[in-house]
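Participant: Top to bottom, those sequences are chains A and B. Going by this note's numbering, the first sequence opens with residue 1, and the numbers climb by one from there. Going by this note's numbering, the second sequence opens with residue 1001, and the numbers climb by one from there.
Some hints could be false.
Unchecked claim - Heads up, simulated DSS-like pairs for lysine-lysine below, C-alpha to C-alpha not over 25 Å straight-line:
1. 173(A) / 259(A)
2. 1213(B) / 1183(B)
3. 542(A) / 1302(B)
4. 1243(B) / 1322(B)
5. 32(A) / 1065(B)
6. 1229(B) / 300(A)
7. 491(A) / 1044(B)
8. 1284(B) / 542(A)
9. 542(A) / 1282(B)
10. 32(A) / 1322(B)
11. 1284(B) / 491(A)
12. 363(A) / 259(A)
13. 32(A) / 1229(B)
14. 542(A) / 1044(B)
15. 639(A) / 669(A)
16. 1183(B) / 407(A)
17. 1213(B) / 491(A)
18. 1044(B) / 1302(B)
19. 32(A) / 1066(B)
20. 259(A) / 198(A)
21. 1284(B) / 1243(B)
22. 198(A) / 639(A)
23. 1182(B) / 407(A)
These are calculated hints, taken from the structure and not from any lab test.
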Amino acid sequence: MIKYLYTLLVGALVLNSSAFADASAPNDNLEKELAYLAAERQVVVTASKMEEHVDKTVATTTVITQDDIQHIGARNLLDVLRLVPGIGITQSQLGIREIEVRGVKTSLSEKVQIMLNGHPLDHNLQNAGSAWVYDDLPVDTIKRVEVVRGPGSALYGANAFLAVINIITQNAKDLNGLHTSAGWGSFDIQQYRASWGKQFNNSAEAALHFNFTDTNGINSPIPADSLSVQGLNSAAPGKSQLTEGRYDLEWQLGYQDFKLDGRYINKKTGAFFGATSILSDDRTQQDYNDYFLRLSRTWKIQDNLTVDTQLFHDFFSYDNLWQVAPAQFSRFGLQDTRTGGEIQTNYHLNDAQTVIAGFSYAKEQQGNLIDQAGPDPVNLTQVLSSTEVRTRQRWGVYIEDVWDPLKSLRMTLGARYDRYSDFGGTFNPRMGFNWEFIRNYSLKFSYGTAYRAPSFGELGSINNPVLLGNPALKPEQVKTFETGIIAHPVKGLTAQATYYHSAINQLISQVPGQATFLRYDNNGSVVAEGVELETRYDFDGKLQGSYISANHVLQHSVQFNQQLADVPRQRTNLTALWAFDNTWSSFAHVLIKGNTLRNLGDTRPDVPGYALFDLGLLGKNMFGKQVDISFNVYNLLDKRYYDPAPASLNFIGDYQMAGRSFFGHVSLKF
Amino acid sequence: MKCFNNRRASYTDCNPTMKIMDFCKVLVLLGVFWVSAGFAQPSKVLIVNSDNAVFRYGTIASEFKKVLQQNAYQWTEFNLNSHADAEAELKQLIQQENPVLIYCIGTKAYSLARNVASNKKLLFSAAINWRRLDIGEGTYGVANELSSAQEISLLRYFFPTIKNIGLLYNDKFSREYVETIKKDASALGINIINQPINDAQEIGDALNELLPKIDMFWIISDPVVLSSKASVQQIFQAAQQRKKPVYAYSDVFIEQGAVLAISADLATIGRQSASLALMVDKDKVPEGTVQNPAGSTVTLNKCALDALRLNFNQDALDSVNKIVECNK
């Protein structure tokens, strides 16, 4: 009877059995099984070996995917960034755009670190910041943009002060063939792109990207300048001359564990207003060349120990001709280079803990100065240099521990020490935790400091009757703590609230000088605090792929007991994506910006707030999944709105921004 | 209209006919919008494979597709090992295809799909210890492991005198599975002595401690314990030295010296998953259903048994699919 029962039991287990082990290849079968187990071992659902999900990070992070970028109908990086909570984009006098982060904005955006595939792009050593070349970065080749708000110097070093924007571009695996795209739109925008990528059988791979972009700019009306208000001859009233053209060439070449990547950019642009209080005409020309070259290799020492090494060379130059008066021109130029290397070890102590530690060294140099002036832009004469040939070395050591002591708790602890040959050392720690205290409800807390290194211009500006550099400058420093909660209360719904408090000290400012009108000095501090609220609901069923989302920011930044000028107290983004079917979808976006305050002593009324409505239509994977087409309308209701102009240009009011504009885009995959 | 002239670094007026060309471009754009609407081809099932180069995943996927084809279902495949930014691309694909169900082969595939498509119906298989997964509403599965209750019943049938069975496991990968084994074993009067390890380097010490206390060693599909061939050899060498029989979850360990293996049949898991997918699509399955593998193979290593002079129930031979003798 027992035998019968067990035969039945075995029968039940053996139902449909068909595969018998092939005894002729036992080792092969064992290897197959071990390969399967190794694949399963990659995923520790309860710990940190998986790529960090945004929910689990300690930092406040926003990720914008290629799919999002397509729906936005973005013309450049700025169109992407303006949807991120806590980030605002405004126009500057010189032409580059200002990236405001958490209520703090400067004309050169030098407190934001932009990176391309993890490589810092702050190549302009004279004036700092990456926005000179990267503000209008084409987006067709971008795979993902990661925006980490808050200090990042503990990991990334200098200038990861208020935020880190990491742009990840498509690699050979993503491309796997030829991709082309083109876009046309208002302001005579033309964009063309060709990318090719292939993985070869001998573990080699290559990806190449080429972009060309050209626009005549928004031709904003400029009613007056400092000459016209005196009744003197000038280009005002006139229009902004922000023509822009750029070529980008990017390469990613890999063979076995080696990788050689980089990007070259040539950008030529006019100016929005000009370098002085005189409206410049189209004879102002800015010419930038920028590239980086990086050779890297990952060494696998053991299963749980890898070492990443890299050597890099960064180059930045400009040769700019500025019209400083109707018949007076100045030409400035220089070359900056940064050459160095980095070694980073990644040690997985166990499934719950990973430690990374590294050392970096770089030599920064500035030379090939051009300083000319004269009434004829073609025949300028040499004048005293306004900056110095400079060299400095810097090195840094860092360590970070990411530890999951519990299934629901992640802790991060890290620190970095950097030493510069010109201003000394700086130590920046970072710590925080992410605790899922109830299922689907996580609490975050982090504290960190960061620094911004004084630029060569701030240290060594010379022969300038108005503004002098200060070689004794110390780095700007910021201490930030933030806390937040992330919740998934019902299926499809994500909500997040974050409070932050940043104290910026040793601010590098222009203060009254003795030998000159102004000089740079560490002077003053800023306290910025605010609340960022985000929510998103993804629909299911027939509306699969559709979502609605909103983010709202309340921010308060104070300097000298006064609300910081030129930044709004609140900003809201409302977005909705409606996926009609598997091919067609429509995207709507409303940006609501509050009033912008003026500086103390600026008698102009506040810059009024506004609401802009953008609408787009996207068709994807058409004609055998090879064609994507989009058409977007920006500022659909043709709202007239303004970005704040500085107090020195108070006679023009403010900068009138673009009215209704269009952008169409086609991409083809082969 | 102005065009950028790079050579001269200046901007010059273009031919006005370009405006007409731009207008034509917009017209072409709009025309393509209309024409393309008829080209959309929806897929019913999205198969997300953790790594199609892995034999187990590949075999299961292959059988799954056969059944779908027989039932006139459409599918789209997404292999995680072929995509650098799998999360973003999978999200994009799900939006494009709007599948009725996502079939996830392996833990990596399931974890990713769960992250990017928690509101879709998910079906998983080949995921080690499925109870550790974050299982939500609308999730279905075919377990990777056979029913431990049935396995223990069979073990008792084969080896009626066995009282203490030992096993090594890693807490992160196998805790829930081991708890189930202990509970099922206890119900059948067998004592499970389990020894957790954090990595493969602890295997030696753990075996030294465990083997004297047990009558049989059970190899479960724990990826930390079975991290390399060396680890496998270490287990069998230690068991052989102490003359302890080894029972394994897969017949690949028979050649190494396991006396008995009861293996889940991969092809059956693929077909079973497909059948479950069809039923899920027709709303014929309660939410949260996770089935045990329906097919298995029982392999007995007579050679190893004889070497150990281990008594076993001769009647149980009727239940064996394959007997390995010493001369084979």
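Participant: Does each hint hold? Answer for all of them.
Facilitator: How the hints compare with the structure:
1. A hinted pair counts as satisfied when its Cα atoms are at most 25 Å apart, and residue 173(A) with residue 259(A) qualifies at roughly 14 Å.
2. Pair hint residue 1213(B) plus residue 1183(B) holds up; C-alpha atoms about 19 Å apart against a cutoff of 25 Å.
3. For a cut-off of 25 Å, the pair hint linking residue 542(A) to residue 1302(B) is broken: about 58 Å separates their Cα positions.
4. Between residue 1243(B) and residue 1322(B), the direct Cα distance comes to roughly 23 Å. Compliance with the 25 Å bound is thereby established for this hinted pair.
5. Taken as a hint, the residue 32(A) and residue 1065(B) pair is honoured in the structure, with Cα atoms around 21 Å apart against an allowance of 25 Å.
6. Between residue 1229(B) and residue 300(A) the alpha-carbon distance is near 19 Å, which keeps this suggested pair within the 25 Å criterion.
7. Between residue 491(A) and residue 1044(B) the CA atoms are separated by roughly 22 Å; this keeps the pair inside 25 Å, and the hint holds.
8. Taking the CA atoms of residue 1284(B) and residue 542(A), the gap is about 20 Å. The hint holds against a cut of 25 Å.
9. For the suggested pair residue 542(A) and residue 1282(B), the alpha carbons sit about 17 Å apart, so the restraint of at most 25 Å is met.
10. For the hint pairing residue 32(A) with residue 1322(B), the CA-to-CA distance comes to about 21 Å; that is within 25 Å, so the pair holds.
11. Among the hinted pairs, residue 1284(B) with residue 491(A) is consistent with the structure: their alpha-carbon atoms are about 22 Å apart, no more than 25 Å.
12. With a C-alpha separation of about 22 Å, the suggested pairing of residue 363(A) with residue 259(A) holds against the 25 Å cut-off.
13. Pair hint residue 32(A) plus residue 1229(B) holds up; C-alpha atoms about 11 Å apart against a cutoff of 25 Å.
14. For a cut-off of 25 Å, the pair hint linking residue 542(A) to residue 1044(B) stands: about 13 Å separates their Cα positions.
15. A threshold of 25 Å between alpha carbons decides the hint, and for residue 639(A) with residue 669(A) the separation of about 37 Å lies outside it, so the pair is violated.
16. For a cut-off of 25 Å, the pair hint linking residue 1183(B) to residue 407(A) stands: about 23 Å separates their Cα positions.
17. Proposed proximity of residue 1213(B) and residue 491(A) is contradicted: the alpha carbons are some 48 Å apart, above 25 Å.
18. As the CA atoms of residue 1044(B) and residue 1302(B) are separated by approximately 48 Å, the hinted pair breaks the 25 Å bound.
19. Under the criterion of a C-alpha separation no larger than 25 Å, the hint pairing residue 32(A) with residue 1066(B) is consistent with the structure, at around 22 Å.
20. With a C-alpha separation of about 14 Å, the suggested pair residue 259(A) and residue 198(A) falls inside the 25 Å cut-off, and the hint holds.
21. Only pairs whose Cα atoms come within 25 Å are accepted, and residue 1284(B) paired with residue 1243(B) is rejected, the gap being roughly 50 Å.
22. Restraint check for residue 198(A) and residue 639(A): the C-alpha separation of about 46 Å exceeds 25 Å, so the hint is violated.
23. Distance hint between residue 1182(B) and residue 407(A) is fulfilled; the C-alpha atoms sit about 23 Å from each other, no more than 25 Å.
Taken one by one, the earlier hints fail for this structure at numbers 3, 15, 17, 18, 21 and 22, listed in ascending order.
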